[in-house]
Amino acid sequence: MNAGRATRPLWLSEMIAIWGYVQRNYFLTKRYLMWEIVWLVYVTVNAMAITYIGAGAASFGGGTIDTERFMTYLLVGALLWNYLSMLFDVLSETVSWERWEGTIEYTFMSPSSRVTHLLGMGLYAVVYGIFQTALTLGACYMLFDLDLSHANYWGALLVLATCSVSLVGFGIVAAVLPLLSPEKGQGVSYIVSSVLLLVSGVYYDVAVLPGWMQAIATVSPVTYALTGARAALLDGAGAAELWGSIWPLLIMGVVFVPLGMLVFGLGERYAKRTGKLKRSG
Amino acid sequence: MNRLLGYGSVEDRWGSRASETEALELRGVEKSFKKRRGETVRALDSVSFAVGKGEVVGILGPNGSGKSTLVRIVSTLVVPDAGTVEVFGVDAVRHPKVVQRCMNRVSVEASFFKKLSAMENLLYGAKLYGVTSREARPRIAEILENVGFARKRALEPMEHLSRGMQQKIALARALLTSPVLMLLDEPTTGLGPRSKKDVQGFIRRIKGEHDSSILLCTHDMDEAEELCDRIGIMVDGRIVALDEPEALKRRYAAGAETPTLEETFMTATGLSVEEASAEGEE
Chain A
0 MNAGRATRPL WLSEMIAIWG YVQRNYFLTK RYLMWEIVWL VYVTVNAMAI TYIGAGAASF
60 GGGTIDTERF MTYLLVGALL WNYLSMLFDV LSETVSWERW EGTIEYTFMS PSSRVTHLLG
120 MGLYAVVYGI FQTALTLGAC YMLFDLDLSH ANYWGALLVL ATCSVSLVGF GIVAAVLPLL
180 SPEKGQGVSY IVSSVLLLVS GVYYDVAVLP GWMQAIATVS PVTYALTGAR AALLDGAGAA
240 ELWGSIWPLL IMGVVFVPLG MLVFGLGERY AKRTGKLKRS G
Chain B
0 MNRLLGYGSV EDRWGSRASE TEALELRGVE KSFKKRRGET VRALDSVSFA VGKGEVVGIL
60 GPNGSGKSTL VRIVSTLVVP DAGTVEVFGV DAVRHPKVVQ RCMNRVSVEA SFFKKLSAME
120 NLLYGAKLYG VTSREARPRI AEILENVGFA RKRALEPMEH LSRGMQQKIA LARALLTSPV
180 LMLLDEPTTG LGPRSKKDVQ GFIRRIKGEH DSSILLCTHD MDEAEELCDR IGIMVDGRIV
240 ALDEPEALKR RYAAGAETPT LEETFMTATG LSVEEASAEG EE
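Note that the protein sequences, when read in sequence, are chains A and B.
Per numbering that gives the first Met the number 0, the first sequence starts with residue 0, numbered consecutively.
Per numbering that gives the first Met the number 0, the second sequence starts with residue 0, numbered consecutively.
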């Protein structure tokens with residue numbers, strides 16, 4: 000067996016390692032199945048509760064509101080935020096999670112590259128996130144009379160796929176925080192996540208925010224993902240109309256992924272110099 | 000080379016860069032850590048020694064003497080402040096990915112995903128080294144049989160296994176990646192007598208049937224004497240002595256009678272074995 004491994008090209012070894020990370024996370028999801036089901040129920044109920052805000056809006060004097068459209072607007076926000084925040088959390092918790100399991104040193108002394116490690120984590124998060132979001136959408140679709148008559152699903156998927164890449168980069172940048180500070184790092188990444196929720200227009204238009212928050216929203220990939228996905232799902236926007244959301248996401252992907260890898264590499268070097276790799280407190 | 004694992008030679012892997020005689024060589028390695036209140040702790044102080052190809056070198060030392068820092072530096076998890084670390088002639092600090100392919104480590108904590116089964120952990124560990132499940136499965140079966148681990152139990156979550164069984168899986172994980180340099184950091188600490196014997200027997204087997212080089216850090220005198228070709232004594236981050244067991248004992252003999260390794264250790268460190276085993280800061 001090892002003769003085969005010795006002659007194996009490096010890229011193939013890295014592909015096997017990516018599959019290793021994906022498969023490991025799949026095994027872990029299976030083992031924590033009850034918790035996964037609890038979380039899925041919570042996410043679905045939460046999305047439903049938020050969507051009902053739209054149903055109840057008319058009773059607050061909003062007689063001119065298109066209730067169906069508003070409910071769909073809120074549901075799209077809830078579903079996308081669930082998916083994108085999960086992607087961000089999985090990446091940003093890469094280090095703290097392995098510290099908690101006690102496996103971080105074995106992962107970091109293996110010959111698979113950090114790019115491979117983080118891409119493996121990101122790939123599983125994307126696949127699992129899409130699966131979870133599809134289940135939630137299915138449950139909500141049965142309950143609500145949603146306005147998806149003009150929906151361009153392929154356009155929405157294109158926006159989501161583009162955003163996933165830039166959010167993986169964003170998550171990798173956040174993943175370095177627990178390397179720099181084992182005690183406070185993960186907490187800071189939760190703050191980053193909550194700021195994304197506040198400024199990215201998940202449940203309202205970014206235009207209602209104060210100017211300084213709108214400025215932060217321009218660097219959040221979630222802002223463009225929501226604008227694009229809503230345009231595709233609510234108005235059936237085509238590729239040309241979606242380009243306005245896609246190009247900023249492409250630029251962010253090109254910037255954030257290499258930047259994330261660079262920052263993570265520097266953080267890893269710092270942790271190895273200061274002996275903080277294993278420390279959890 | 001290495002019948003049981005069937006590895007290619009180090010030269011096959013690294014060509015002319017592989018060292019002729021040394022598997023591991025440290026020269027003037029130093030490491031200090033800053034603590035919270037600004038104080039600096041010197042973990043390693045000018046550590047220099049070598050492990051020859053196929054040799055087992057043991058490092059004895061009290062808790063907090065720097066043994067684990069030493070293993071972490073060799074395994075590329077900690078970067079030294081000064082000095083060089085070469086694994087088969089390759090600089091481990093400058094080329095960590097190259098040396099990582101040829102070594103593995105077993106530490107005092109088994110360090111597994113506790114909810115996953117032993118088999119799932121082993122398959123995952125193998126893939127990080129570029130070994131597919133199809134390649135790994137027969138090797139896992141062979142290794143588990145060698146360590147007397149019931150295959151059925153390999154499907155149970157790690158958290159259901161005893162410490163001794165977990166440590167056998169840790170050894171299997173290390174062997175699965177075909178290391179030519181094994182780093183064993185107190186692999187039997189905290190194990191019951193039976194498990195300890197099993198794990199030591201397995202290490203002896205690796206020593207006898209493979210030409211792996213082994214660096215074994217321990218504070219178990221009998222273990223060191225039985226398994227190691229040479230033994231070093233480490234105190235406060237320094238290697239104060241390194242020699243073959245008998246020569247080491249003779250060096251610290253007060254009279255005509257050769258002392259035991261335990262007596263030698265106490266003379267060299269000024270500590271009793273109990274004091275050496277007491278909790279320290281590593």
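Please note that the accuracy of each hint is not assured.
Claimed, not checked - Pairwise CB distance ranges (calculated):
hint, chain 1, residue 1, chain 2, residue 2, range
1, A, 238, B, 94, 29 to 39 Å
2, B, 204, A, 183, 43 to 53 Å
3, A, 261, B, 152, 16 to 26 Å
4, A, 36, B, 239, 50 to 60 Å
5, A, 235, B, 33, 52 to 62 Å
6, B, 152, A, 29, 10 to 20 Å
7, B, 114, A, 261, 54 to 64 Å
8, B, 266, A, 38, 26 to 36 Å
9, B, 155, A, 99, 36 to 46 Å
10, A, 213, B, 38, 41 to 51 Å
11, B, 39, A, 183, 21 to 31 Å
It is worth saying that the hints were derived from the structure and are not from the lab.
Please read all numbers here as calculations on a predicted model, not as lab measurements.
Glycine residues also receive a C-beta, built at the ideal position from the N, C-alpha and C atoms.
So, going through the hints one by one against the coordinates:
Between residue 238(A) and residue 94(B) the Cβ separation comes to about 46 Å, which falls outside the hinted range of 29 to 39 Å. Restraint check, residue 204(B) to residue 183(A): a C-beta distance of roughly 46 Å satisfies the suggested window 43 to 53 Å. A hinted range of 16 to 26 Å for the beta carbons of residue 261(A) and residue 152(B) is inconsistent with their spacing of about 44 Å. Roughly 58 Å separates the CB atoms of residue 36(A) and residue 239(B), a value that falls within the hinted 50 to 60 Å.
For residue 235(A) paired with residue 33(B), a C-beta distance near 59 Å keeps the hint of 52 to 62 Å intact. Taken as a hint, the range 10 to 20 Å holds for the pair residue 152(B) and residue 29(A), whose Cβ atoms sit roughly 19 Å apart. The hint said 54 to 64 Å for the Cβ distance between residue 114(B) and residue 261(A), and at roughly 33 Å that hint is violated. Between residue 266(B) and residue 38(A) the Cβ separation comes to about 60 Å, which falls outside the hinted range of 26 to 36 Å.
A hinted range of 36 to 46 Å for the beta carbons of residue 155(B) and residue 99(A) is inconsistent with their spacing of about 21 Å. Take residue 213(A) and residue 38(B): their Cβ atoms lie about 47 Å apart, and the range 41 to 51 Å holds. At roughly 23 Å, the beta-carbon separation of residue 39(B) and residue 183(A) lies within the given 21 to 31 Å, and the hint holds.
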